[in-house]
Amino acid sequence: MNNMKKRIKHVTVLGSGIMGSGIAAHFANIGVEVLLLDIVPFELSEAEQKKGLTKEDKAVRNRIATENLAKLKKSSPALLYSQAFAERIKVGNFEDDLHKIKNTDWIIEVVVERLDIKKQVYEKIEQFRKPGTLVSSNTSGIPINLLVEGRSDDFKKYFAGTHFFNPVRYLPLLEIIPTKDTAPEVVQFYMEYGQKFLGKTTVLAKDTPAFIANRVGVFSMMDLLHRVKELGLTVSDVDKLTGPVIGRPKSATFRTADVVGLDTLVMVAQGVHKSGAEAPEFASVFELPPYLQTMMDNQWLGSKTDGGFYKKVKNAEGKSEIHGLNLDSLQYELQDKSSFPTLELTKNIDKPLDRFKVLISGKDKAAELYRKTLGGLFAYVSHKVPEISDELYKIDDAMRAGFGWENGPFEIWDAVGIAKGVELASEAGYTVSDWVKELAEKGGAFYQINDEGHTIFFNKDQQAYAKIPGQESFIILDNIRKNKTLWSNSGAAIQDLGDGIINFEIRSKMNSLGGEVLDGLNRAIDLAEKDYDGLVIANQGTNFSVGANLAMILMMAVDQDWDDLNMAIAYFQKSMMRVRYSSVPVVVAPFGMTLGGGCEMTLHADRVVAAAETYIGLVEVGVGVIPGGGGTKEMTLRTSREFAKDDVKNNRLRDAFMNIAMGKVATSAYEAFDMGILEKGKDWVVVNKNAQIQTAKSVAKQMADMGYTQPIEQKVTVLGKDALGMFYVGTDQMLAGNFISEHDKKIADKLANVMWGGPLSEPTQVSEQYLLNLERETFLSLCGERKTLERIQYMLQKGKPLRN
1 MNNMKKRIKH VTVLGSGIMG SGIAAHFANI GVEVLLLDIV PFELSEAEQK
51 KGLTKEDKAV RNRIATENLA KLKKSSPALL YSQAFAERIK VGNFEDDLHK
101 IKNTDWIIEV VVERLDIKKQ VYEKIEQFRK PGTLVSSNTS GIPINLLVEG
151 RSDDFKKYFA GTHFFNPVRY LPLLEIIPTK DTAPEVVQFY MEYGQKFLGK
201 TTVLAKDTPA FIANRVGVFS MMDLLHRVKE LGLTVSDVDK LTGPVIGRPK
251 SATFRTADVV GLDTLVMVAQ GVHKSGAEAP EFASVFELPP YLQTMMDNQW
301 LGSKTDGGFY KKVKNAEGKS EIHGLNLDSL QYELQDKSSF PTLELTKNID
351 KPLDRFKVLI SGKDKAAELY RKTLGGLFAY VSHKVPEISD ELYKIDDAMR
401 AGFGWENGPF EIWDAVGIAK GVELASEAGY TVSDWVKELA EKGGAFYQIN
451 DEGHTIFFNK DQQAYAKIPG QESFIILDNI RKNKTLWSNS GAAIQDLGDG
501 IINFEIRSKM NSLGGEVLDG LNRAIDLAEK DYDGLVIANQ GTNFSVGANL
551 AMILMMAVDQ DWDDLNMAIA YFQKSMMRVR YSSVPVVVAP FGMTLGGGCE
601 MTLHADRVVA AAETYIGLVE VGVGVIPGGG GTKEMTLRTS REFAKDDVKN
651 NRLRDAFMNI AMGKVATSAY EAFDMGILEK GKDWVVVNKN AQIQTAKSVA
701 KQMADMGYTQ PIEQKVTVLG KDALGMFYVG TDQMLAGNFI SEHDKKIADK
751 LANVMWGGPL SEPTQVSEQY LLNLERETFL SLCGERKTLE RIQYMLQKGK
801 PLRN
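Following the numbering used here from start to finish, the sequence shown increments by one per residue and tops out at 804.
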């Protein structure tokens, strides 16, 4: 197959609604210029009339796209990695600006879900489009083959469905749906571009109703909605049972329906039902239960209306409460907190995948719900191979990436055992397809790991196991654990990544950094210096690291065990300095929450390969201390490098000071550059998190191959007490304005004292160790404060900061 070489510098998005603007934002995120177009308004708005504008004014003609771009900039959670990236998006309208598509590389249509309107848009595109330009549709409900009827051969050759999931920045699924006329090299381009540049899990789908993720996801939801009443469970019961406990998002089932909108869920369900594609045993699942029909009639659609399955109401005291819908009476009521013995049995099982065996074996309603819904899901997906996908792994990929499931249906089925799954399906009133029954009789599994550490899956057509393609560009730690682990303890492990590079993996609870992790880190650096060329620090947990082990600090501080606490902090600092000053390159790969000590480890790396979705910051103020693992020293050192001869030096230092004093967290890796946590020209960002460890390994290898020399410790210029006064004035004003508490002010003043060099009276060059000692002494002194201990205890109990 020819590899199509195409560079995407400019994209045009037609339709600026939630999906259109989200797609535009994500292309802007990766550095592509975007033209975002929408229709010309039919009427002038009141504001436009008051200004005396006419329908011919550009501001009026572009109003819809302009307003949607403004909404995009304010969206929460943010859809742009950085506000500055909005400048890459220009707006316009279909009538005045469509001719500009002759200069674009890719046209993405995201207009209203009506075949006649889409066809009219394509007719217009064809007038201006240059041959060879990519065209795709984000439709989720219209057959892709119908869209290209009557189009030219060149249009058809480059056309496919590119179905993104909302919110586009955060849900990694991109379904690629070719037509019979899409050129194979064009399909390959969409698949590879989505993965490599947009950071998506690209899944090749067939042109079947609702494609893959929505087809399976909506079946799973509708099956549950039919069963919930017969089991006598409340809305909040179901959400408790179908959220994080089974590796699904916090919004679980009913909250998800409210957020997405009941009308959207119903539209997909009815679309599948009307298509006639389902066998009779499954078709009835896509019909609406009576209570759902009533909700639709009443327009109880969720967050976009006054209520859905949940509703915010004011109680007798005037306080807001969340009430759930009683599915029998269809009245909103405060729902009791329920407990299920089956859930209690899984409390000590960390991985959701390992919980399913226990969850289906209970004797209560919860276990019955799991048995019936999993039975239905297993039966359904068994019949969807090959109907919606020839390979079973694509269904799992789609559910993980599009619905935020931690594990796909076939992975869960493997976890409970194929024969057991067949039994559950039968109990739920369904039959499983023959190919699965045969696999169960042979005692097979859907997935296995081969000797090279690659995942292989059962290929139904070949009746044999085949490798999931594309794994060469990823390193999956779970897969190499068996054969490549060099050492491990309860909180960490070291693996051989090959090519002279080893990996240090944090594996403690919430990836916190306690003694066992630091012991492992020092061992990894020893091993790398002795026998290898470089070290990567990476893991594939939920978050990179939430910081130091607070429970240990609290215990020592309460016992007033100051010598041991001093030694523990010194050990942490020394370990971070070894990350910086080892004789081999050390590359850290943060992602997700990278807080406190996790951020300090990142700050001391030779290079950082960060996932775009990295939420990183020095947040120690929230627990009543200052960064004590070298973070305060490092931010002081970095700003001192930028000191000019004028007053700019104070501004740089003040920004760093404010970020720490306010516990600011970057909401993306790009924001971390703005905060000075990542450094331009040195650190990397990868949009596809799956490729992160492989990229970090390549960076470490490249540094080693180019001749890495151990760096020499640096001197730091501190400004001394002269410059400190203005900062004390600033914290005084913040306290006076009620922005901070007394204790916040005390911490901020002590932090400023460290960053300005302590007792020195004038600008002086000091060693890093001088600042580390100052930082450590300050950390210890704050651990002696009652209010700090209250903050640490509150964080441990509630998982959020106390402002006392």
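Watch out, some of these pointers could steer you wrong.
Mimicking DSS-like on lysine-lysine, the simulated pairs with C-alpha atoms at most 27 Å apart in a straight line are [unchecked claim]: (1) Lys240 to Lys90; (2) Lys721 to Lys689; (3) Lys689 to Lys5; (4) Lys746 to Lys74; (5) Lys420 to Lys347.
DEER-style ranges, computed between Cβ atoms [claimed, not checked]: (6) Glu713 to Glu777: 16 to 26 Å; (7) Arg7 to Glu149: 27 to 37 Å; (8) Lys304 to Lys365: 29 to 39 Å; (9) Ser275 to Gln49: 22 to 32 Å; (10) Ser275 to Ala419: 41 to 51 Å; (11) Glu149 to Gln83: 33 to 43 Å; (12) Arg114 to Ala736: 56 to 66 Å.
By construction, these hints were calculated from the structure, which means they are not laboratory data. Ideal Cβ placement from N, Cα and C applies to all residues, glycine included.
Taking the hints in turn, this is what the structure says about them:
no. : hint                         : in the structure
1   : Lys240 to Lys90              : violated (44 Å)
2   : Lys721 to Lys689             : violated (44 Å)
3   : Lys689 to Lys5               : holds (24 Å)
4   : Lys746 to Lys74              : violated (34 Å)
5   : Lys420 to Lys347             : holds (23 Å)
6   : Glu713 to Glu777: 16 to 26 Å : holds (20 Å)
7   : Arg7 to Glu149: 27 to 37 Å   : holds (31 Å)
8   : Lys304 to Lys365: 29 to 39 Å : holds (31 Å)
9   : Ser275 to Gln49: 22 to 32 Å  : violated (46 Å)
10  : Ser275 to Ala419: 41 to 51 Å : violated (33 Å)
11  : Glu149 to Gln83: 33 to 43 Å  : holds (42 Å)
12  : Arg114 to Ala736: 56 to 66 Å : holds (59 Å)
Of the hints listed earlier, those the structure fails to meet are numbers 1, 2, 4, 9 and 10, in rising order.
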